[in-house]
Every structure is written in C-alpha cells, then in structure tokens.
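Participant: Given next are the chains, with one letter for each unit.
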Amino acid sequence: MAAPKKSVAKEAEQDKGGSPPEFTRDQELSALRDMLLIRRFEEKAGQLYGMGAIGGFCHLYIGQEAVVVGMQMALKQGDQVITGYRDHGHMLACGMDAKGVMAELTGRRGGYSKGKGGSMHMFSMEKNFFGGHGIVGAQVSLGTGLAFANRYRGNDFVSVAYFGDGASNQGQVYESFNMAELWKLPVIYVIENNRYAMGTSVNRASAQTDFSKRGISFNIPGEQVDGMDVRAVKAAGDEAVAWCRAGKGPYILEMQTYRYRGHSMSDPAKYRTREEVEKVRHDQDPIEQVRNRLLEAKTSEQDLKAIDAEVREIVNAAADFAQHDPEPDASELWTDVYR
Amino acid sequence: MPIQVLMPALSPTMEKGNLAKWLKKEGETIKSGDVIAEIETDKATMEVEATDEGTLGRILIPEGTADVAVNTPIATILSDGETAADLGKAPAVSAPPKASESVPPAAGVEAPAAAAKTPAAPPAAVAPDPEIPAGTEMVTMTIREALRDAMAEEMRRDPDVFVMGEEVAEYQGAYKVTQGLLQEFGDRRVIDTPITEHGFAGVGVGAAMAGLKPIVEFMTFNFAMQAIDQIINSAAKTLYMSGGQMGCSIVFRGPNGAAARVAAQHSQDYSAWYSQVPGLKVVSPFSAADAKGLLKAAIRDRNPVIFLENEMLYGHSGEVPKLDDFVVPIGKARIARAGGHVTIVSWSNGMTYALKAADELAKDGIEAEVIDLRTLRPMDTETIVASVKKTGRAVTVEEGWQQSGVGAEIVARLMEHAFDYLDAPVARVSGKDVPMPYAANLEKLALPTVAEVVAAAKAVCYR
Chain W
1 MAAPKKSVAK EAEQDKGGSP PEFTRDQELS ALRDMLLIRR FEEKAGQLYG MGAIGGFCHL
61 YIGQEAVVVG MQMALKQGDQ VITGYRDHGH MLACGMDAKG VMAELTGRRG GYSKGKGGSM
121 HMFSMEKNFF GGHGIVGAQV SLGTGLAFAN RYRGNDFVSV AYFGDGASNQ GQVYESFNMA
181 ELWKLPVIYV IENNRYAMGT SVNRASAQTD FSKRGISFNI PGEQVDGMDV RAVKAAGDEA
241 VAWCRAGKGP YILEMQTYRY RGHSMSDPAK YRTREEVEKV RHDQDPIEQV RNRLLEAKTS
301 EQDLKAIDAE VREIVNAAAD FAQHDPEPDA SELWTDVYR
Chain V
1001 MPIQVLMPAL SPTMEKGNLA KWLKKEGETI KSGDVIAEIE TDKATMEVEA TDEGTLGRIL
1061 IPEGTADVAV NTPIATILSD GETAADLGKA PAVSAPPKAS ESVPPAAGVE APAAAAKTPA
1121 APPAAVAPDP EIPAGTEMVT MTIREALRDA MAEEMRRDPD VFVMGEEVAE YQGAYKVTQG
1181 LLQEFGDRRV IDTPITEHGF AGVGVGAAMA GLKPIVEFMT FNFAMQAIDQ IINSAAKTLY
1241 MSGGQMGCSI VFRGPNGAAA RVAAQHSQDY SAWYSQVPGL KVVSPFSAAD AKGLLKAAIR
1301 DRNPVIFLEN EMLYGHSGEV PKLDDFVVPI GKARIARAGG HVTIVSWSNG MTYALKAADE
1361 LAKDGIEAEV IDLRTLRPMD TETIVASVKK TGRAVTVEEG WQQSGVGAEI VARLMEHAFD
1421 YLDAPVARVS GKDVPMPYAA NLEKLALPTV AEVVAAAKAV CYR
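Heads up: the protein sequence lines correspond to chains W and V, in order. The opening residue of the first sequence carries number 1 in our numbering; numbering runs sequentially from there. The opening residue of the second sequence carries number 1001 in our numbering; numbering runs sequentially from there.
Honestly, the hints are just simulated from the structure, not real lab data. Certain hints may be false.
Straight-line distance between alpha carbons at most 25 Å, and here's what the computed SDA-like set of lysine to any residue pairs gives [said to hold, decoys possible]:
#: 1; chain 1: W; residue 1: 184; chain 2: V; residue 2: 1159
#: 2; chain 1: W; residue 1: 127; chain 2: V; residue 2: 1303
#: 3; chain 1: V; residue 1: 1332; chain 2: W; residue 2: 337
#: 4; chain 1: W; residue 1: 127; chain 2: V; residue 2: 1160
#: 5; chain 1: V; residue 1: 1332; chain 2: V; residue 2: 1364
#: 6; chain 1: V; residue 1: 1332; chain 2: W; residue 2: 338
#: 7; chain 1: W; residue 1: 127; chain 2: V; residue 2: 1245
#: 8; chain 1: W; residue 1: 248; chain 2: V; residue 2: 1245
Example chain V residues on the side facing chain W (calculated, C-beta under 7 Å, incomplete) [to be verified]:
#: 9; residue: 1234
#: 10; residue: 1246
#: 11; residue: 1303
Derived list of chain V stretches under chain W, where covered just means 3 residues or more per stretch with a C-beta under 8 Å from a C-beta of chain W [what the hints assert, rightly or not]:
#: 12; stretch: 1189-1198
#: 13; stretch: 1238-1244
Beta carbons are placed, not taken as given, at the ideal position from N, Cα and C, and that holds for glycine.
Whenever a hint applies, use it, and build me the whole structure from the sequences.
Facilitator: This is how it looks when you write it as structure tokens:
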C-alpha cells in the first residue's frame, strides 16, 4: 500500500495555512440554512423537553452544526452516514423530515421509528442514514460494515462514521480501524471532538489528545480540522472522500468543535465554566461565521431574515405535529420484533 | 519388552482416523522425535512422532487403513537387544505418541491429545421427518460436512451471502466446518478476520444493515462474549427501534456448549442466554439432516439467527436427504422417538443423553417420547404440550446451568399450558451449577449423565 500519510496530514495543514477555500454565495446560503435548521430544531427540542413532551435522554447538537453540514456537502447521493446518540443534526443534514424526527422525540406514531426508538435510535433507509446508536462506539464497527458492503458490491460509495472524543477510547474503534485499513474499506471516521465526554474533559480521559493521530499505528491518515468553520470541514471532507473513493482505504478527520449545551438535558455543567462556553459562542460560532461573511459580501439582512423565517416555520410545524400526532397504537408493542 | 504405538487423538473430539502412510519400514531404527507415520482425519493431516527409541518391530495397521479408532495399537517398537522373537511377549503400552498437525492448531482451541469421551452416533429417528418426502434417497455424511454443504449451497444460490470469521478461509476452519469454501468462492466471499470478535461482529451487522447476508463464524461461542453487545444491542434490536425499517439478515454460528477437557472458559452452553432475547432466533440442531436444513433456513431468514453447533457432534455421521434444496423450517421441534409414558425434551448434544436414556428405560418397560427442540426461539411449545398431554410426565435435559435455563422455561410453559395434564412435577437434568472443571472425572460429574436422565424419568413415573 501507498506510503502513509503523515505527509497527507502535514500537507493539508500547510495548504490551509490561512483560511480554507472560499464558498460560493450559494454554498454559504445553503450551509447557513442547514446549520440554522439544526440550531432552531435543537432549541425547540430543548424547550419541549423542559415541558415534559420529550422523555428519556436528549442530546443536543447545538454548537457542532458545521461538522455534519460541511461533511454532507462533500458527499454524494448513495453515501452512507451513521452516528451515535447525538444524532438529530445528522438526520436533518441527511435530509430527513423535521416532523418525523421531532415526532420520534415525543414518541408519536409519525416518528421515524413509529415512536419505538426515541432520540437515540432513528433511521432512514431512503436517506441512507443508518442511525442513531445508543451504545458508545458501536456505530464505528457498524459504519465499517457499511463500507465493507460497498467494497463487496464494488461500488464507489463511502460511509461516514461519526463518533466523539469519548467513543474514541473504546476498543472496538481500533478493531475497526485495523480491519478497515487491512481491507482498504472506504470509510471516513469523523471524530467530533467537542472537548468533553459527558463531564470528562479530553485531557482527563485521553493519553493522546490529538485524535487525528489515533490511526497512526494502522497507517490510516488523519487530519485535525477546525470543526467550527463549515468551509474547513467541507474542504477536509472533500479530501477524505476522494481518498476513500479512490480505493485507498479509510481516513480519519478530527473535527475540533464544541457543544454549547450539556451532555444531555440533565447536565449539572460543573465541569466547565460559563466563561469558557461564552467565549466559544462569541468567537467561533459556526453560524455567526457564515452570517458575517454573507453580510460582508453584501447579502441583505432581508435575505438572511427570509432564511430565518423559513427555518422557524419548519421547526414550529414539526413541534406542532410532534405534540398533536397520536401515540403509537397499543398493537405496535408487538410489531417489528421479527420480519 | 516391545512397546506398542497407539493411534493418537489429535483433538479432544477425534474418535478415529485414517492411517495414510508409514514413513518407516519394519526393521528401521527409530529415534525419539522421528516421524513414523501420517494420519488423516476429516479435519487435518498429522504426523505421528515416535516417543521411544528402538527398531520398528512390526506394523500392525497397514497404510491406507481407514477409520482406525483412537488408542488402537498401530505398531510395536523393539528396544535395544530385543528381536522379532520378543514380539510375542505381552507388550508394554507406550504413552500415545505425540502428534503434530501439519498446520498449527489455533491458539487456545485445540486441547492436548486426549482419549475423548465419545457419545454414540445419534440413532435414527423413529418418527419419519415431515420435511423429508417418502422415498427420498439418503446420504450419510458428518455434521461438519452437512454444515459446510448448507453454506456452500446458499452461497451458490445468493451472491449476497458470505462467510467471515477467524481461520475460516486459508486454514479451512478451526474445526474444518468451512472446508473447501475458499477454493470454491474465493477470498471476496470467504474472509479471514483478525482475532477481533467485537469488531468483526459489528462489521458483519453493519454489512447486514446494508443488505448483505453475512454468516459470522465464532471459533466458539465462548469468544462471542466479546461480541455480545453487537449481537444483542445492534443485531437483535434495530428492526424494532427503527419501526421495522432496518433489519439485519445475519447468522452467527459456531460451536457452543461443553467441549472435552478444555475447562471453564471454553465450555459453556449459551442456549439460555440467547434464547431470552426478542429479535433473535436461536437454533441448535442435533442430527446431520437438521444441521444442514436448519442452517440453510437460518441463512435465508431475514432476522438475526444464533446457530449453536456442538463440537462433540461435528464428527458424527447421519443421514441427510439427497434433495436439491432441503430446508428445515425454524421453530419446529421433532419427535425423535415416540413413546407414551414420559416426555423427554432436549436439543443438540443433550439429545445424546436423552436417546440413550430412552433405550435404557425401554428395557424397564418405560416408553419415553423424546423431543428434539431444534429451535430454542421461537420455541415449539405446541409439540411439547401435545406430548405431555399424552404422557402426563416430562423431563428436560440440557448441558447448560439450571438457573434460568431452557429447562426452567419449558417447565414454566408446561405449568401454563398443561398443568391439568401433569401427573408429576416436571424434572430437570442439567449441567451442574459450577464452572466446567478440567479434570476428567470432575468434568464428567459436571455434565448430565444418562443415569441421571433415567433416574429423573423413573422418578416422574413414580418408579
């Protein structure tokens, strides 16, 4: 196999030097709209949780929107996506209907899993979204299996397996890395490093905190990416996708990002300061970055407000549906155990 | 005094082998460590090394002899000063010679050569099998071959079916169940994995979610403990959690239950564990025909299937119908022996005890009806209940532990569905409530015995 690839990461860093390649106006607008949809959706989900309409665990993606939106811009129809439990953003980015996602959060029959999966377990075969998995790290082996299927069928699709800095310490991640490189499977491992695995900071849990290096002993190239800048994410995604589609095996992208909200809704937030959160929000917010660039490029406030309005309407309609859709019929208890 | 060389056992389950070739002639000098002969089994070829020094006095089993039982004397070695005239003297028995496989044994699996206890081949079914049309030609084959043929037939039939696991390809299977598959289907479809059960189980489930139909071999189900999260949380539950959108057509197969003399970590019956989980189907055949027909059904099934084989049974032969497409439906028990006095329910290697006990009981005038469950989930309650309504008495036999075992489940179902028909409390014969010991005598005590089954059957018959 080709000589690795430290060089790849290095070159990429050098290439970046300053700022990543510019987006076209259409790309900026599309990224803004998709990130806003996730943000507003998650804010609404937080509200509904507070009202008791959503039960159980609910992990919000607020702050990390640029990661999935930028990656999605690098993929093509037929590529597969799989992630862990912080999954609402990924579903919306894959084009899943906000109503179906929100109704699943409220446990209603119109939810993507007919109300039987909840926040952490939603799927859409149509949109090639393979979940939504609640066991930390499981999606990494499963996503490697999706890539295995692509390789087996001889198509050129790639699979993207998202996981966090916490999941990065699970054993099966490395079992998967080994097989993926051994068999040259077209899988992109996107490590969303949001600095905290639940309440444990990266420094307290990881001996190697540069997650792009986690594939070195398997010869998997890796790259650290500014996960708050959607353009940087897209550029790195393009590179990784090209690598995988060319049959060169897996690729690791460490997305340096940040979640503004707690791990889940019941997070005491004692492990970091309010100032830290405020500083990231103020300096690096992924949505504000795009909005500011658009304003600098003379996009009118009115155009941006139109996007805001469209997104709010989608989210409000989803929330309305999710609260009024009936619960699943009692007979659904017994369905879908076998097929 | 001349020393006898005995037919060696290579694995705990080897019962006999073919003497393929003598590499030394009568009269040749032999040093300890010399390879004197080659032996073949259906699993492997091995070399017989001399452990004693002297002259090869007489070859007792000529080369080309098939089915030589383990521990049969195959040659005599004369020590210094002894001549052919000494051959008539009562020979000292040499320790079984060391044997080494031509391929290295898989780490942690092959136990040292031992005279394995050998359950008799399963007797022919008394009741005709409804899956087999009358007049069908039958072929005798080992369970190992039946399983291999099932996989090969399904792989020919469906290009989405593939096999993955440790040593399934180049090595031809740690227990030779995948023998020949690599040669027929190539390394795209017969895939050697690293030793990484958790990881490759997850890869298999992911491939199944993408629509392929993996057969994931675990070298033994003991090692599947590393992978049980992916089996339960990912394979079994996803169809439900996705509201029916995304299922998983996958077979997890491999030897389960007690092997011989490999101690606690390599000898455990997982029947009860997996049979508790909705979303899984759990199959565990006893006969060669069922091994083939049920594995084909499992591969075609659109749900995750746990297919529990038994190492002790791999080498056993049975009759398999010669049909183009012999499939045994999952979820149907089989009456292996008809009788009216007591119902004995078992599956897999437990059937060995059950059928032998039925023979013993018949001598005392007790006719036992023996039911081979074949599938543990969904369990064929109907067949058990129908039998107990006839006999009024029941005994369950399993190698696994008693607490929360499959026997306990059967007892509960009989309480629920046949309480008024029971003439005695149902008895359970099971593995003892201890980790499996290594010592031969303790191991025997830990497993169920024919005598225990006979005693239990008599007890419920108040005899």
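Participant: All the hints need checking, so say for each whether the structure fits it.
Facilitator: Right, here's what the structure says about each hint:
At most 25 Å may separate the alpha-carbon atoms for a hinted pair to count; residue 184 (chain W) and residue 1159 (chain V) meet this at roughly 21 Å. Taking the CA atoms of residue 127 (chain W) and residue 1303 (chain V), the gap is near 22 Å; set against the 25 Å cutoff, the hint holds. Under the criterion of a C-alpha separation no larger than 25 Å, the hint pairing residue 1332 (chain V) with residue 337 (chain W) is consistent with the structure, at around 19 Å. Under the criterion of a C-alpha separation no larger than 25 Å, the hint pairing residue 127 (chain W) with residue 1160 (chain V) is consistent with the structure, at around 22 Å.
For a cut-off of 25 Å, the pair hint linking residue 1332 (chain V) to residue 1364 (chain V) is broken: about 30 Å separates their Cα positions. Taken as a hint, the residue 1332 (chain V) and residue 338 (chain W) pair is honoured in the structure, with Cα atoms around 17 Å apart against an allowance of 25 Å. Under the criterion of a C-alpha separation no larger than 25 Å, the hint pairing residue 127 (chain W) with residue 1245 (chain V) is consistent with the structure, at around 12 Å. Our distance criterion of 25 Å between C-alpha atoms is broken by residue 248 (chain W) and residue 1245 (chain V), whose separation comes to about 32 Å.
At about 6 Å, the closest approach between the beta carbon of residue 1234 (chain V) and any beta carbon in chain W falls short of 7 Å, and the interface hint on this residue holds. With a least beta-carbon distance of about 5 Å to chain W, the hint placing residue 1246 (chain V) at the interface is held under the 7 Å criterion. Hint status for residue 1303 (chain V) relative to chain W: holds, with the closest Cβ pair at about 5 Å, below 7 Å. Coverage of the stretch 1189-1198 of chain V by chain W holds in this model, with 4 residues showing a Cβ closer than 8 Å to a Cβ of that chain against a need of three.
Counting residues of the stretch 1238-1244 of chain V whose C-beta lies closer than 8 Å to any C-beta of chain W gives 7; at least three are required, and the coverage claim holds.
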